[in-house]
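Chemist: Here is how the chains run, residue by residue.
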Amino acid sequence: MTDLTSLTLAEARDGLATKSFTSVELTDAHLKAMEAARVLNAYVLETPDQARVMAQAADAKLAKGEGGWLGGVPLGIKDLFATKGVRTTACSKILGNFVPPYESTVTAQLWRDGAVMLGKLNNDEFAMGSANETSFFGPVVNPWRREGSDVNLVPGGSSGGSASAVAAGLCLGATATDTGGSIRQPAAFAGIVGMKPTYGRCSRWGTVAFASSLDQAGPIARTVRDTAILMRSMAGYDPKDSTSVDRAVPDYEAAIGKSVKGMKIGIPKEYRIDGMPAEIEKLWSEGAAQLKAAGAELVDVSLPHTKYALPAYYIVAPAEASSNLARYDGVRYGLRVPGRSISDMYENTRAEGFGAEVRRRVMIGTYVLSAGYYDAYYLRAQKVRTLIKRDFEECFAGGIHAILTPATPSAAFGIGEKGGADPIEMYLNDIFTVTVNMAGLPGIAVPAGKDVQGLPLGLQLIGRPFDEETLFSLGETIEQASGRFTPPKWWA
Amino acid sequence: MSVDAATVRRIAHLARIAVTDAEVPHLQGELNAMLAFVEQLQEVNVDGVEPMTSVMPMEMKKRADVVTDGEIVDAVTANAPESEDHFFLVPKVVE
Numbered sequence: 001m002t003d004l005t006s007l008t009l010a011e012a013r014d015g016l017a018t019k020s021f022t023s024v025e026l027t028d029a030h031l032k033a034m035e036a037a038r039v040l041n042a043y044v045l046e047t048p049d050q051a052r053v054m055a056q057a058a059d060a061k062l063a064k065g066e067g068g069w070l071g072g073v074p075l076g077i078k079d080l081f082a083t084k085g086v087r088t089t090a091c092s093k094i095l096g097n098f099v100p101p102y103e104s105t106v107t108a109q110l111w112r113d114g115a116v117m118l119g120k121l122n123n124d125e126f127a128m129g130s131a132n133e134t135s136f137f138g139p140v141v142n143p144w145r146r147e148g149s150d151v152n153l154v155p156g157g158s159s160g161g162s163a164s165a166v167a168a169g170l171c172l173g174a175t176a177t178d179t180g181g182s183i184r185q186p187a188a189f190a191g192i193v194g195m196k197p198t199y200g201r202c203s204r205w206g207t208v209a210f211a212s213s214l215d216q217a218g219p220i221a222r223t224v225r226d227t228a229i230l231m232r233s234m235a236g237y238d239p240k241d242s243t244s245v246d247r248a249v250p251d252y253e254a255a256i257g258k259s260v261k262g263m264k265i266g267i268p269k270e271y272r273i274d275g276m277p278a279e280i281e282k283l284w285s286e287g288a289a290q291l292k293a294a295g296a297e298l299v300d301v302s303l304p305h306t307k308y309a310l311p312a313y314y315i316v317a318p319a320e321a322s323s324n325l326a327r328y329d330g331v332r333y334g335l336r337v338p339g340r341s342i343s344d345m346y347e348n349t350r351a352e353g354f355g356a357e358v359r360r361r362v363m364i365g366t367y368v369l370s371a372g373y374y375d376a377y378y379l380r381a382q383k384v385r386t387l388i389k390r391d392f393e394e395c396f397a398g399g400i401h402a403i404l405t406p407a408t409p410s411a412a413f414g415i416g417e418k419g420g421a422d423p424i425e426m427y428l429n430d431i432f433t434v435t436v437n438m439a440g441l442p443g444i445a446v447p448a449g450k451d452v453q454g455l456p457l458g459l460q461l462i463g464r465p466f467d468e469e470t471l472f473s474l475g476e477t478i479e480q481a482s483g484r485f486t487p488p489k490w491w492a
Numbered sequence: 001m002s003v004d005a006a007t008v009r010r011i012a013h014l015a016r017i018a019v020t021d022a023e024v025p026h027l028q029g030e031l032n033a034m035l036a037f038v039e040q041l042q043e044v045n046v047d048g049v050e051p052m053t054s055v056m057p058m059e060m061k062k063r064a065d066v067v068t069d070g071e072i073v074d075a076v077t078a079n080a081p082e083s084e085d086h087f088f089l090v091p092k093v094v095e
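Order-wise, the sequence lines are chains B and W.
Throughout the first sequence, residue numbering follows full-length UniProt numbering, covering 1 to 492 in sequence.
Throughout the second sequence, residue numbering follows full-length UniProt numbering, covering 1 to 95 in sequence.
Just so you know, these hints were derived from the structure itself, not from any lab.
Here a beta-carbon is modelled for each residue, glycine too, at the ideal position from N, C-alpha and C.
Incorrect hints may appear among the rest.
Pairs of lysine-lysine, BS3-like flavour, derived with a Cα cap of 25 Å [stated by the list, open to error]:
no., chain 1, residue 1, chain 2, residue 2
1, B, 240, W, 61
2, B, 19, B, 64
3, B, 383, B, 269
4, B, 450, B, 282
5, B, 292, B, 258
6, B, 489, B, 450
7, B, 389, B, 264
8, B, 389, W, 61
9, W, 62, B, 240
Some chain B residues judged to face chain W by a derived CB distance under 10 Å, without partners named [as the list claims (entries may be wrong)]:
no., residue
10, 86
11, 338
12, 340
13, 347
14, 356
15, 359
16, 363
17, 366
18, 373
19, 379
20, 381
21, 386
22, 465
23, 469
24, 470
Beta-carbon label-pair distances, calculated as ranges [what the hints assert, rightly or not]:
no., chain 1, residue 1, chain 2, residue 2, range
25, B, 150, W, 83, 44 to 54 Å
26, W, 64, B, 483, 47 to 57 Å
27, W, 36, B, 286, 34 to 44 Å
28, B, 112, W, 78, 19 to 29 Å
29, W, 25, B, 97, 33 to 43 Å
30, W, 60, B, 281, 39 to 49 Å
31, W, 92, B, 150, 48 to 58 Å
32, W, 57, B, 3, 42 to 52 Å
33, B, 282, W, 36, 44 to 54 Å
34, B, 422, W, 6, 16 to 26 Å
35, W, 94, B, 66, 52 to 62 Å
Isolated chain W (complex conformation) (with noise of 0.2 Å):
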């Protein structure tokens, strides 16, 4: 499989990543190397495998449902780029 130009831009888009019109061609040929490496993937048989999804078993722990952290606002707030009274700030969303 291969991505075009168009494909490039979507997946872009989706990544939350602005690129130029002069980016694509590059971008579009690092993708498709990328790709072409792991076609070979395609060559193993992995019929009745169940994926990986812990890679060491174990049992999830668990804890009581109740407030552990907290109150700590300032904390939160202190590295935002724009914050206001301890809200973060960002563009205007609803016209």
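Just chain B, same shape as in the assembly (with noise of 0.2 Å):
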């Protein structure tokens, strides 16, 4: 039997439709392959038991022909999906023991069309961070190194823990969320495959919350199939939250495969920045090429705001992070840390039990709220904001069905390597990634070449809103004509 870890998400669903293998044997399968891999740090929390039990039960309903969109498919769990009683902790210490008394309506979704948890991943804590560093379980390792290398690399971040485990084969597909490129930014620096949707597409419900205008959940899988296949669950109408929107889910997997002939692509002027590698450089004009002998017309567009999407995405973020995370206090659930009074209490609470990014962020969340400021920060931030989305408005009004651009400015660096004196270093990484949540649009990486280090490299495609299908046929012309991106396994 070949190695059921290596098959893509789609080769293990028609597997277990032929009943080739059983979802308990794939299962397994997994869960020996995830112990293999401890020293990537990729889960935090390994959930075995409830793994075979779920297993068991796919089996049982394929048995019967009624194995649902996703039975017996075993997926990863990012850390900041709520799963009922499963400790969820967003991999912050403040977080604790918590063990939710309810599930997100994101894996609910998952578990009702017959997906099999095999644990939690790691991620930056409260899913901030570029590199997945600033997770209370530690840094997560990437699968991939520099040829010829030993150094552990990071797998980008926020999701870092669903890419290194994608990657390397632990997982079949994993969730994610992306508030500043958590979803594509770690794809692409792990050669794989990530969709951040349209903000509304899913709920999020039971995620915990970041900065809510711009947090949102999607998936990461090997190839662009796997992750259409993965969205159809993922997506839909949820009135626990008031801004889902209420449209009905395509099936992703149709768009697969459909001609892009005709199709305007953008390639966006402003995306050039300064000091870009070559290998970058490279990259874009060879996937631009790509797209183009498959029938599609490039054009050149300007998105003149888009240099100023960062500095408005670290004044809008903090802001709502600031208020999000005041409901850690202490009181309700999570870390307490006793103090004289009640106000000590907080402060001695949300001192311990907060990184130094979490912190960093919240303060700078509260200085910018604060009376006096307001206006000259936050205020003028979502004026920006409005002008970024306009320009994306504009391009699409002429007639641009996606635009092209690369998902990151470098490859995979080394764990430590970056923002240790200068947090700005780190989060010039969503430079091109940061866009795409301001203006609330669908963006995916796709794996599309490699760094003269043999490292992997993404390319983006954004999209109109509630077009992933678009993004999901233009991303697999992009595969096919790229081919895929495996890591010679190294650690077990």
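Reconstruct the complex from the two isolated chains, following the hints.
Modeler: Shown next, in the form of structure tokens:
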């Protein structure tokens, strides 16, 4: 029998349907791979007992021909999604041993469709980070290494555990969340596919909140098709999230293989930033050439407010985080550190419970919302956000179907290599992805090549609101032309 | 704009995060680095631009004003660091 962990999600689904193997066999193969790959620190909690129970239930349903859309498919779940009865921490000390008495809508939909949970995946604390180095459980290791080197690299963040686990074959797909690039940047660093859907496409209910006007859940998987399969389960209206959109969920998988002939692809000049490595330029123009060869038309476009997206993000996101994280007060759940008064208790709890990056962002958010500074910072940033969104609207109104950009300004870097002295150095990782969140648009990262050190690089496609299907069609075109990327297995 | 040490302490208190004197200079440097980075927004002309309030335009769904959930007090207090008889316990607030 072939190694069940090297199958794509689509192949595994088909193999389950034709009874080539059972979900219990498939699940056990992944649990074994997880055990052998603990050095990657991708999972913060393995749930083998629950996984086997879910797999047995899936097998029983599959036997009756009622497997469901994801019947028997084992997945990893980012630790930002509340899972009923299973510890959920957002990888923060302040959530300590929080065991939710409820299930997030996105994961509930995956279980509804027959998926199996393998465990909870590492992420940056409260999803604040671009290297998965701020997790209370320690950094995640990227399965990719530079050629001829044994230096451990970051998998990107904040969905670093999701990216590392998917790339290393520790699950067939994973849930992730994206506030400024947290699905797409780690997918690019790990040579896999990540889709950040349109704001409102997936319910945020039961997902630990970071910045509510930007947060959106989405899938990470090894192929574009696999990502599309997961999206169909994860998306959909939820009365419990007033910002979720009441709109039918299409069969995203049907978009795979659709012709992209005649589509107009915007190439925005503002993404050609100063000091961009030549290999990123090359990757970008090769991706454009691949789409052109498939019949798409390339159009030079301008998104003039691009450079202001990252600074505006670093006002809006911390401001929303400072309000969202006010709930962690040591009273109702999570860590409590005693104090002489209730105020001391709050302050001690939050000082000890939050890591350095989270403390920094809560403080900057508090400052930009404080009396006398609100107009100068927060209100201005929200106006700039309107301008960023308008840039995209004008571009799409001009007939552009999707926009092609690099996903990241570099390949994966070493653990501890960036952001030590200056937080801005780390923030610049999200320079190409953050615009998409500011405008609420869908974006997909697809692996498209390697850098000179043999590390994967990704391209990003940005779509019209609720037109994820076009991104899947275009993304698969790049995937077909570029091939797939699998890291050499050094960890087991 | 930049913040001084007293402002750092004030923000920390507003955010209910205890900071030691030793942490203040470091935090001050980091906050000022972030404020310097966002300073470039001042050069954008935002005259007559509406601030964004909702990134995807949609009408807010409404529902009948009725109780749809409840009677789950055990679940609500299950994760409390300290609770008694279904109440959350906190240090004494009123003398």
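Chemist: All hints, please: hold or fail.
Modeler: Consistency of the hints with the structure:
Distance check on the hinted pair: residue 240 (chain B) and residue 61 (chain W) sit about 11 Å apart at the alpha-carbon level, within 25 Å; holds. Simply put, residue 19 (chain B) and residue 64 (chain B) have alpha-carbon atoms about 12 Å apart, close enough for the 25 Å limit, and the pair holds. Restraint check for residue 383 (chain B) and residue 269 (chain B): the C-alpha separation of about 23 Å stays at or below 25 Å, so the hint holds. Between the alpha carbons of residue 450 (chain B) and residue 282 (chain B) the distance comes to roughly 11 Å, so the proposed pair stays at or under 25 Å and holds.
For the given pair, residue 292 (chain B) sits about 15 Å from residue 258 (chain B) by alpha-carbon distance, which is consistent with the 25 Å threshold. For the given pair, residue 489 (chain B) sits about 17 Å from residue 450 (chain B) by alpha-carbon distance, which is consistent with the 25 Å threshold. A C-alpha spacing of about 19 Å is found between residue 389 (chain B) and residue 264 (chain B), which places the hinted pair at or below 25 Å, so the restraint holds. Between the alpha carbons of residue 389 (chain B) and residue 61 (chain W) the distance comes to roughly 24 Å, so the proposed pair stays at or under 25 Å and holds.
With a C-alpha separation of about 11 Å, the suggested pair residue 62 (chain W) and residue 240 (chain B) falls inside the 25 Å cut-off, and the hint holds. The interface hint given for residue 86 (chain B) is broken, as the beta carbon of that residue sits about 13 Å from the closest beta carbon of chain W, more than 10 Å. For residue 338 (chain B), the shortest C-beta to C-beta distance to chain W is roughly 8 Å, which falls under 10 Å, so the interface hint holds. Annotation: residue 340 (chain B) was flagged as interfacial toward chain W, and the flag holds, the nearest CB pair being 7 Å apart, inside 10 Å.
This hint holds: residue 347 (chain B) has a C-beta 4 Å from the nearest C-beta of chain W, less than the 10 Å allowed. Interface hint status for residue 356 (chain B): upheld, as the beta-carbon distance to the closest one in chain W is roughly 9 Å, under 10 Å. Checking residue 359 (chain B) against chain W: minimum C-beta separation of about 6 Å stays under 10 Å; hint holds. This hint holds: residue 363 (chain B) has a C-beta 5 Å from the nearest C-beta of chain W, less than the 10 Å allowed.
At about 4 Å, the closest approach between the beta carbon of residue 366 (chain B) and any beta carbon in chain W falls short of 10 Å, and the interface hint on this residue holds. This hint holds: residue 373 (chain B) has a C-beta 8 Å from the nearest C-beta of chain W, less than the 10 Å allowed. Evaluation of the residue 379 (chain B) hint against chain W yields a held restraint, the C-beta minimum of about 5 Å falling below 10 Å. This hint holds: residue 381 (chain B) has a C-beta 6 Å from the nearest C-beta of chain W, less than the 10 Å allowed.
The closest approach between the C-beta of residue 386 (chain B) and any C-beta of chain W is roughly 5 Å, which is under the 10 Å cut-off, so the hint is satisfied. With a least beta-carbon distance of about 7 Å to chain W, the hint placing residue 465 (chain B) at the interface is held under the 10 Å criterion. The criterion of a C-beta within 10 Å of any C-beta in chain W is not met by residue 469 (chain B), whose closest approach is roughly 17 Å, and the hint is violated. For residue 470 (chain B), the shortest C-beta to C-beta distance to chain W is roughly 17 Å, which exceeds 10 Å, and the interface hint is violated.
Residue 150 (chain B) and residue 83 (chain W) have their C-beta atoms about 50 Å apart, which keeps the hinted 44 to 54 Å range intact. Checking the proposed 47 to 57 Å range against residue 64 (chain W) and residue 483 (chain B) shows it holds: the Cβ atoms sit about 55 Å from each other. In this structure, residue 36 (chain W) and residue 286 (chain B) meet the distance hint of 34 to 44 Å, their C-beta atoms being roughly 37 Å apart. For residue 112 (chain B) paired with residue 78 (chain W), a C-beta distance near 24 Å keeps the hint of 19 to 29 Å intact.
Roughly 35 Å separates the CB atoms of residue 25 (chain W) and residue 97 (chain B), a value that falls within the hinted 33 to 43 Å. Separated by about 45 Å at the C-beta atoms, residue 60 (chain W) and residue 281 (chain B) satisfy the suggested range of 39 to 49 Å. The beta-carbon spacing between residue 92 (chain W) and residue 150 (chain B), approximately 56 Å, falls within the hinted interval of 48 to 58 Å. Checked against the hint of 42 to 52 Å, the C-beta distance between residue 57 (chain W) and residue 3 (chain B) comes to roughly 48 Å, which is consistent with it.
Checked against the hint of 44 to 54 Å, the C-beta distance between residue 282 (chain B) and residue 36 (chain W) comes to roughly 33 Å, which is inconsistent with it. Restraint check, residue 422 (chain B) to residue 6 (chain W): a C-beta distance of roughly 24 Å satisfies the suggested window 16 to 26 Å. Taking 52 to 62 Å as the suggested C-beta distance range, the pair residue 94 (chain W) and residue 66 (chain B) conforms, at roughly 59 Å.
This entry does not satisfy hints 10, 23, 24 and 33, going by the numbered hints stated previously.
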